[in-house]
Amino acid sequence: MDFSITEQQRELQKAIIEFAQKELNQDVILRDKQSTFPLDLWQKCAQMDLMALPFPEKYGGCGMDFFTTVLSIEALASSCKDAGLVHAIITQLVSGLLLNLFGNEEQKTKYLIPVARGQKIAAQAVTEAEAGSDVFSLRTRAERRNGTYAIEGSKIFISNGSIANFVFVLALTNPAKKTLGSHSFFIVEKGQKGFDSGKPIEKMGLRTLQNSELVFDGCIIPAANLVGKEGQGAVIFHEIMEWERILFGACHVGTMMRITEAGVNQARKRRQFGQPIGKFQSISEKIARMKMSGELARLMVYKAAVLKDERKRAALEASIIKVFAGESLKEACMDALQIHGAFGYMTEAEVERDLRDSVASTIYSGTSEINTLIIARLLGL
Amino acid sequence: MIQNNEILDIVKQFIFKELAPDLKPNELDPNQPLLESGIIDSFGIMTLLSFIEDRFKLKLRADDLIPENFETVSAIANLISKGL
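Read top to bottom, the protein sequences are chains B and Z.
When we follow my numbering, the leftmost residue of the first sequence carries the number 1, and every step to the right adds one.
When we follow my numbering, the leftmost residue of the second sequence carries the number 382, and every step to the right adds one.
Be careful, since some hints might not be right.
Claimed, not checked - Listed next, the in silico SDA-like pairs over lysine to any residue satisfying Cα-Cα at most 20 Å (straight line):
#1 229(B) to 440(Z)
#2 229(B) to 447(Z)
#3 303(B) to 393(Z)
#4 398(Z) to 310(B)
#5 229(B) to 417(Z)
#6 229(B) to 442(Z)
#7 440(Z) to 310(B)
#8 22(B) to 46(B)
#9 177(B) to 423(Z)
#10 203(B) to 356(B)
#11 193(B) to 163(B)
#12 229(B) to 450(Z)
#13 405(Z) to 417(Z)
#14 229(B) to 453(Z)
#15 330(B) to 367(B)
#16 312(B) to 465(Z)
#17 398(Z) to 316(B)
#18 312(B) to 424(Z)
#19 393(Z) to 380(B)
#20 440(Z) to 316(B)
#21 440(Z) to 309(B)
To be verified - Some chain Z residues near chain B, calculated using beta-carbon distances under 10 Å:
#22 398
#23 400
#24 411
#25 422
#26 424
#27 425
#28 428
#29 431
#30 434
#31 435
#32 443
#33 446
#34 449
These aren't lab readings, by the way, just hints derived from the structure by calculation.
In this text, all values refer to a predicted model and were calculated from it rather than measured experimentally.
Note that CB positions come from ideal geometry on N, CA and C, so glycine has one too.
The following block holds chain B by itself, in its conformation from the complex:
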């Protein structure tokens, strides 16, 4: 398996890093405090083609492979301190991937182009109050009625939910089946009668990312908004989770690289008892562990991205990434705060925010517990 990075890919990473450092890192403390989504910066990211990378040129994309997309997200997360914005961009990319893989020509023309260009914001609505990774417990219903579907139910914690122009909703279409063919994906547009998004929910971290409840109360949509085929929902969900977990893994790798570099700088600069604190083993060991975790997670992310480019399954690799990179990021952020000491605990240092942002990395896109279960199941246990 070839992970070699071309000169062109390195140049792209460099351009993204320079862009993020110059354009995206002002006022992050204020945005975090106010939980505001930076629409102006979203538009700048769209102009940088960050949402267009893996999509065909005919749908407004850059026609790049998934490996290059992963390298770009890693570069973005390594340089953009607004983790909520990076998360929103990943949600947009995953929405586009869902459409590109399973949407028909009309849907791609209508929805994928504005997704790739960043002109419209997209979200996926799967989670419900009583159902997360257990998709067979979802209660939101979509009933077919004379060329339309009537959707009833609600979703919760939906990333980009309150700002999305359209949402990919997973709903129960055949409750009698109670098996793989019972669910389907639909596109529901903002403004559709019977569809409401709640206010953004206040969170511990990732505060610029807008998560909200979505309510479907007598929401009638055209049958043409069915994505893929009726009953294909669970298969689409599992497929798309592979891509999503790899992208979040790339994001975590980028963040770990950024905090490792900051940790090294701090450990060289800060002196105690006449020497840099990096000379104390208890500090250097923490930084060495951060580096190890980042590098190991990176290898797995690259392997999985190459597998997806080869159109192979990567469910096992994606779950390994999600557990390892998510847990490693959380641990690394905790260690980073310890290395920065009292200053790290202060908002101004922007280290405590990384820690708050990292906590959800072992929760979204399947908790560490559920991903560990998937790994075991894929081993035949």
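Use these hints to put chain Z onto chain B, whose structure you have.
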């Protein structure tokens, strides 16, 4: 060219070994519903897809990934035969 009954046997062996180790060979009819009986669940389908693509060197298209193609061992074998 691999015959349909060979494909049936390979798929059945995989199900016995990886997805339903408690099942006895004579308990699995080629037309028995796999999904409704719970022999293959949501996770199991992903394991099966990986196996099919690796073992038969197939790349299943998005259109192929519908529950009807995985309802029974016969349906799975037909899907593989079409792709070979």
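Each hint tested on the structure:
| no. | hint | in the structure |
| --- | --- | --- |
| 1 | 229(B) to 440(Z) | holds (19 Å) |
| 2 | 229(B) to 447(Z) | holds (7 Å) |
| 3 | 303(B) to 393(Z) | violated (30 Å) |
| 4 | 398(Z) to 310(B) | violated (27 Å) |
| 5 | 229(B) to 417(Z) | holds (19 Å) |
| 6 | 229(B) to 442(Z) | holds (13 Å) |
| 7 | 440(Z) to 310(B) | holds (9 Å) |
| 8 | 22(B) to 46(B) | holds (15 Å) |
| 9 | 177(B) to 423(Z) | holds (13 Å) |
| 10 | 203(B) to 356(B) | holds (9 Å) |
| 11 | 193(B) to 163(B) | holds (17 Å) |
| 12 | 229(B) to 450(Z) | holds (12 Å) |
| 13 | 405(Z) to 417(Z) | holds (18 Å) |
| 14 | 229(B) to 453(Z) | holds (19 Å) |
| 15 | 330(B) to 367(B) | holds (13 Å) |
| 16 | 312(B) to 465(Z) | holds (17 Å) |
| 17 | 398(Z) to 316(B) | holds (18 Å) |
| 18 | 312(B) to 424(Z) | holds (16 Å) |
| 19 | 393(Z) to 380(B) | holds (15 Å) |
| 20 | 440(Z) to 316(B) | holds (18 Å) |
| 21 | 440(Z) to 309(B) | holds (12 Å) |
| 22 | 398 | holds (7 Å) |
| 23 | 400 | holds (8 Å) |
| 24 | 411 | violated (18 Å) |
| 25 | 422 | holds (8 Å) |
| 26 | 424 | holds (5 Å) |
| 27 | 425 | holds (8 Å) |
| 28 | 428 | holds (6 Å) |
| 29 | 431 | holds (4 Å) |
| 30 | 434 | holds (6 Å) |
| 31 | 435 | holds (8 Å) |
| 32 | 443 | holds (5 Å) |
| 33 | 446 | holds (4 Å) |
| 34 | 449 | holds (7 Å) |
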